[in-house]
Amino acid sequence: MGINYLYPDYEVHRDREKCISCRVCERQCANEVHSYDKETNRMVADDSACVNCHRCVTLCPTHALKIVKTDHLFKENANWKGEVIQDIYRQAATGGVLLASMGNPKEYPVYWDKVLINASQVTNPSIDPLREPMETRTFLGQKEAKIRRDENGRIITKTSPQLSLTIPIMFSAMSYGSISYNAHKSLALAAQQLGTFYNTGEGGLHEDFYQYGKNTIVQVASGRFGVHPGYLNAGAAIEIKMGQGAKPGIGGHLPGSKIGQDISKTRMIPEHADAISPAPHHDIYSIEDLRQLVYALKEATAYTKPIIVKVAAVHNISAIASGIARSGADIIAIDGFRGGTGAAPARTRDNVGIPIELALASVDTRLRQEGIRNNVSLVVGGSIRSSADVIKAIALGADAIYVATGALLALGCHLCRTCQSGKCNWGIATQKPELVKRLNPEVGSQRLVNLITAWDHEIKEMMGGMGINSIEALKGNRLMLRGIGLNETELQILGISHAGN
Amino acid sequence: MQSGQQRMPLEGEERFSSGCAISGIIDRSGQRFSARSAITSISVMHDRSNGLGGGFAGYGIYPEYKDHYAFHLFYYSKEAKVGCELFLEEHFDLINLSKIPTEKNPNITDEPLIWRYFVTPLPTKLASSQLEEDEYTARCVITINSTIKGAYVFSSGKNMGVFKAVGYPEDVGQFYRLDDYKGYCWTVHGRYPTNTPGWWGGSHPFALLDYSVVHNGEISSYDANRRFIEMFGYNCTLQTDTEVITYMIDYLHRRQGLTLEEVCHVIAAPFWSTISRKSEEEIAQYTYLRNTFASMLITGPFSIILGFTGGLMALNDRLKLRSLVAAEKGDMVYLASEEAAIRIIEPNPDRVWHPSGGKPVIVTLNT
Chain A
3 MGINYLYPDY EVHRDREKCI SCRVCERQCA NEVHSYDKET NRMVADDSAC
53 VNCHRCVTLC PTHALKIVKT DHLFKENANW KGEVIQDIYR QAATGGVLLA
103 SMGNPKEYPV YWDKVLINAS QVTNPSIDPL REPMETRTFL GQKEAKIRRD
153 ENGRIITKTS PQLSLTIPIM FSAMSYGSIS YNAHKSLALA AQQLGTFYNT
203 GEGGLHEDFY QYGKNTIVQV ASGRFGVHPG YLNAGAAIEI KMGQGAKPGI
253 GGHLPGSKIG QDISKTRMIP EHADAISPAP HHDIYSIEDL RQLVYALKEA
303 TAYTKPIIVK VAAVHNISAI ASGIARSGAD IIAIDGFRGG TGAAPARTRD
353 NVGIPIELAL ASVDTRLRQE GIRNNVSLVV GGSIRSSADV IKAIALGADA
403 IYVATGALLA LGCHLCRTCQ SGKCNWGIAT QKPELVKRLN PEVGSQRLVN
453 LITAWDHEIK EMMGGMGINS IEALKGNRLM LRGIGLNETE LQILGISHAG
503 N
Chain B
14 MQSGQQRMPL EGEERFSSGC AISGIIDRSG QRFSARSAIT SISVMHDRSN
64 GLGGGFAGYG IYPEYKDHYA FHLFYYSKEA KVGCELFLEE HFDLINLSKI
114 PTEKNPNITD EPLIWRYFVT PLPTKLASSQ LEEDEYTARC VITINSTIKG
164 AYVFSSGKNM GVFKAVGYPE DVGQFYRLDD YKGYCWTVHG RYPTNTPGWW
214 GGSHPFALLD YSVVHNGEIS SYDANRRFIE MFGYNCTLQT DTEVITYMID
264 YLHRRQGLTL EEVCHVIAAP FWSTISRKSE EEIAQYTYLR NTFASMLITG
314 PFSIILGFTG GLMALNDRLK LRSLVAAEKG DMVYLASEEA AIRIIEPNPD
364 RVWHPSGGKP VIVTLNT
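Protein chains in written order, with our numbering: chain A, 3 to 503; chain B, 14 to 380.
In case anyone wonders, no lab produced these hints; they're calculated from the structure.
A few of these clues could be false.
As the list claims (entries may be wrong) - Sample of chain B residues at the chain A side, in silico, Cβ under 7 Å:
#: 1; residue: Leu-126
#: 2; residue: Trp-128
#: 3; residue: Ser-233
#: 4; residue: Arg-240
#: 5; residue: Met-244
#: 6; residue: Gly-270
#: 7; residue: Glu-274
#: 8; residue: Pro-283
#: 9; residue: Glu-295
#: 10; residue: Ile-296
#: 11; residue: Gln-298
#: 12; residue: Thr-312
#: 13; residue: Gly-313
#: 14; residue: Trp-366
Claimed, not checked - Below are the DSBU-like pairs computed for lysine-lysine, each with C-alpha atoms no more than 30 Å apart in a straight line:
#: 15; chain 1: A; residue 1: Lys-108; chain 2: B; residue 2: Lys-372
#: 16; chain 1: A; residue 1: Lys-160; chain 2: B; residue 2: Lys-138
#: 17; chain 1: B; residue 1: Lys-138; chain 2: A; residue 2: Lys-148
#: 18; chain 1: B; residue 1: Lys-291; chain 2: A; residue 2: Lys-148
#: 19; chain 1: A; residue 1: Lys-145; chain 2: B; residue 2: Lys-372
#: 20; chain 1: B; residue 1: Lys-372; chain 2: A; residue 2: Lys-148
#: 21; chain 1: B; residue 1: Lys-138; chain 2: A; residue 2: Lys-145
For every residue, glycine included, the Cβ atom is placed at its ideal position computed from N, Cα and C.
Between the sequences and the hints, there should be enough to build the whole structure, so can you do that?
See the structure below:
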């Protein structure tokens, strides 16, 4: 029916002068946009199949390709924008929930970009990281409230289990299933080389990756996929996933088409059956239930692993975090509403949850008001895009940050937001062997190491500029931040002054 | 007082930074001596202050009341005095009270009412609070300073006292007639704030119970330290480095029971690279302290002299970004920002040394 036809959002522009009809684009595009027309000896493109992932653009040997936004438009309407109208057509045609992936792309305020960082001038010296030690080592876990000594007066140094990070950046949860074997391997190798951690997500741990256990956080989510004693004991820490920033309040769905033999084995579910994780944990309907699971996992691992509880940033996040801090959890991970996903209902992704900057500030303040900030470490994600975001997050009060979208970008992701199709041309969000092999884990891990190393340099440079030579002196040091263009309420929640004040 | 936009913020209303001169003298034999040598020492470093703050702490100066807390108070109004005395009477036995004797000095102006009380906690109140005597007293001091407008307890230890004002330290010493006091240990501070403090509470030393701190520096970890220590009942009303450092030392030394050396392994912790070269047991200890009290690490330049009952401790930041010199002659130990400030009172010390960054110099009375 003609009414269902939607004009493509993107047009493939091919420079006929430059194109040599080598057909690389055709071979590279899993969406089958490009084809060769024998009659005319020319390449042609089906714009309607293009997801704007730039695979063809970056591999075209003569730089003949570019993708442009269409100038086709609906009659302009500030309320009924083209995108809104098209969504109505889609739903009228299918009766389905609109699906989307990666983080919330809407124009909400990005508070990171409205916060500025301080530097030393005159009254105290900045410190040059090339000439002086600059420390970023971070421990995550509960801290002892009271010094205890043995009979000889020596301090008893035994603590609750801690994670030791050389830099306060970890790769956040992405399941094997939502991303490929090679993407997982890239993350594992990079975490090992960097002295930090990657996270299995709720997809279990492939047997090949048990060797990276010291740098692995294993996740226990509502579907319990792949969870068994060996798995729990394989990692350095266990994360209970209560929620995800991209889709607070709902579970997950990995389509059966992605569940081949390997994933089926890793997740301990039948091949080609949809893997649906429930919205809540059906053994956690309240905070006291969470405490039971926290201690069940501690028992299962003989109290040797810190337990992380990951929640989505929602309206009453500070009360929730305060409850979690008293549940026996060692670390709270909070995921902001711009966090990524392999697939989520578009309306949920775009409308549910709150920005991580506000959630973090509010939680850190509340835990301090209650005097329990040292009982628990705070990790935030969704989304941290640069070293400057890392600095701002730590100064607002985070112990460490989670990065996922940034890591995928380093692996080649071009943020086309079509992960749910399973046809990722970059070999990341796909299980098709011919696509997966495009991502070389050696190259991928090196790019991840490069990215985090670059951020590390930048963090040290900015810390030195502030006259701070150890990351713990930055944590919660909100005097180092100023707001720009923020109103009184926003400043008050962030706990910072306005620039000039 | 100016009004509206033209009024300068007072100390405590925003954060000021300052450079400074510090000096400390102790006689390890416990012999008591007047503050004259401390005044002479600090006067050599006149150019390190700018007349906007000076002060002294003397230990062993109230032997006749040595078992009672000596509260020194600034009052900025009669109402503040009435309110505060009401509070004191509710919580303490007042053994003695009087104005602190002063003498006019043309360079010291705008003085508040300055009073001294020797007190001891009311036994019934203390018992019902279920607190140790020191903790009870510290909480009362923090309550007065954060809730009674215009009243400020600037000294609250036993057998010790702080004397401070807005002015050059040598003038402050004369103003308080410190030649008349004798102690076994003195510390002194001359301040160079980048802003006008506006009131006397902002001058140093800063003290809580018998801990007093004089400090030169501007710490970059301030808000990390402040937001952490405020979890434990402290209230950083002055927004100064010295205040937060004093609270952290009180928390770690008195409340957590760390030794002074262990306190230094928290606030001026060795670098991880240094720790990694130590013995296994030391690595465990140092790592434990850095990890457990991570938010009490102080970064940025500082040199401090901590006074406590029976001794002195000097400490530099880990990079030694501020000058600090130590010397000894017989039982006397001298600590100062500049060597000249020591030589003026002891021209021929037996030993002069420059303590390394992060390495404390701890001096206690001979036993």
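Hint check:
Hint status for Leu-126 (chain B) relative to chain A: violated, with the closest Cβ pair at about 33 Å, above 7 Å. For Trp-128 (chain B), the interface hint is violated, since its Cβ never comes within 7 Å of a Cβ in chain A; the closest pair sits about 34 Å apart. Hint status for Ser-233 (chain B): holds, given a least beta-carbon distance of 4 Å to chain A, under 7 Å. The beta carbon of Arg-240 (chain B) comes within 5 Å of a beta carbon in chain A, closer than 7 Å, and the hint placing it at the interface holds.
Taking 7 Å as the C-beta contact cut-off toward chain A, the hint placing Met-244 (chain B) at the interface holds, the least distance being around 5 Å. Checking Gly-270 (chain B) against chain A by beta carbon gives a least distance of about 6 Å; that is within 7 Å, so the hint holds. Nearest Cβ of chain A to the Cβ of Glu-274 (chain B): about 12 Å, over the 7 Å cut. The hint is violated. Hint status for Pro-283 (chain B) relative to chain A: violated, with the closest Cβ pair at about 10 Å, above 7 Å.
Proximity of Glu-295 (chain B) to chain A is violated relative to the hint, the smallest CB-CB distance being about 10 Å (cut-off 7 Å). Below 7 Å, beta-carbon pairs count as interface contacts, and Ile-296 (chain B) has none with chain A, the closest being about 9 Å; its hint is therefore violated. Interface restraint check: Gln-298 (chain B) against chain A, minimum CB-CB distance 6 Å, threshold 7 Å, status holds. For Thr-312 (chain B), the shortest C-beta to C-beta distance to chain A is roughly 4 Å, which falls under 7 Å, so the interface hint holds.
Because the smallest distance between the Cβ of Gly-313 (chain B) and any Cβ of chain A comes to about 5 Å, under 7 Å, the interface hint for this residue holds. Of the supplied interface hints, the one on Trp-366 (chain B) is violated, with its beta-carbon coming no nearer than about 23 Å to a beta-carbon of chain A, more than 7 Å. Pair hint Lys-108 (chain A) plus Lys-372 (chain B) does not hold up; C-alpha atoms about 53 Å apart against a cutoff of 30 Å. With a CA separation close to 38 Å, the supplied pair Lys-160 (chain A) and Lys-138 (chain B) exceeds the 30 Å bound.
Proposed proximity of Lys-138 (chain B) and Lys-148 (chain A) is supported: the alpha carbons are some 26 Å apart, at most 30 Å. About 25 Å separates the Cα atoms of Lys-291 (chain B) and Lys-148 (chain A), which keeps this hinted pair within 30 Å; it holds. The hinted pair formed by Lys-145 (chain A) and Lys-372 (chain B) meets the criterion: a straight-line CA distance of about 25 Å does not exceed 30 Å. Proposed proximity of Lys-372 (chain B) and Lys-148 (chain A) is supported: the alpha carbons are some 25 Å apart, at most 30 Å.
Among the hinted pairs, Lys-138 (chain B) with Lys-145 (chain A) is inconsistent with the structure: their alpha-carbon atoms are about 33 Å apart, more than 30 Å.
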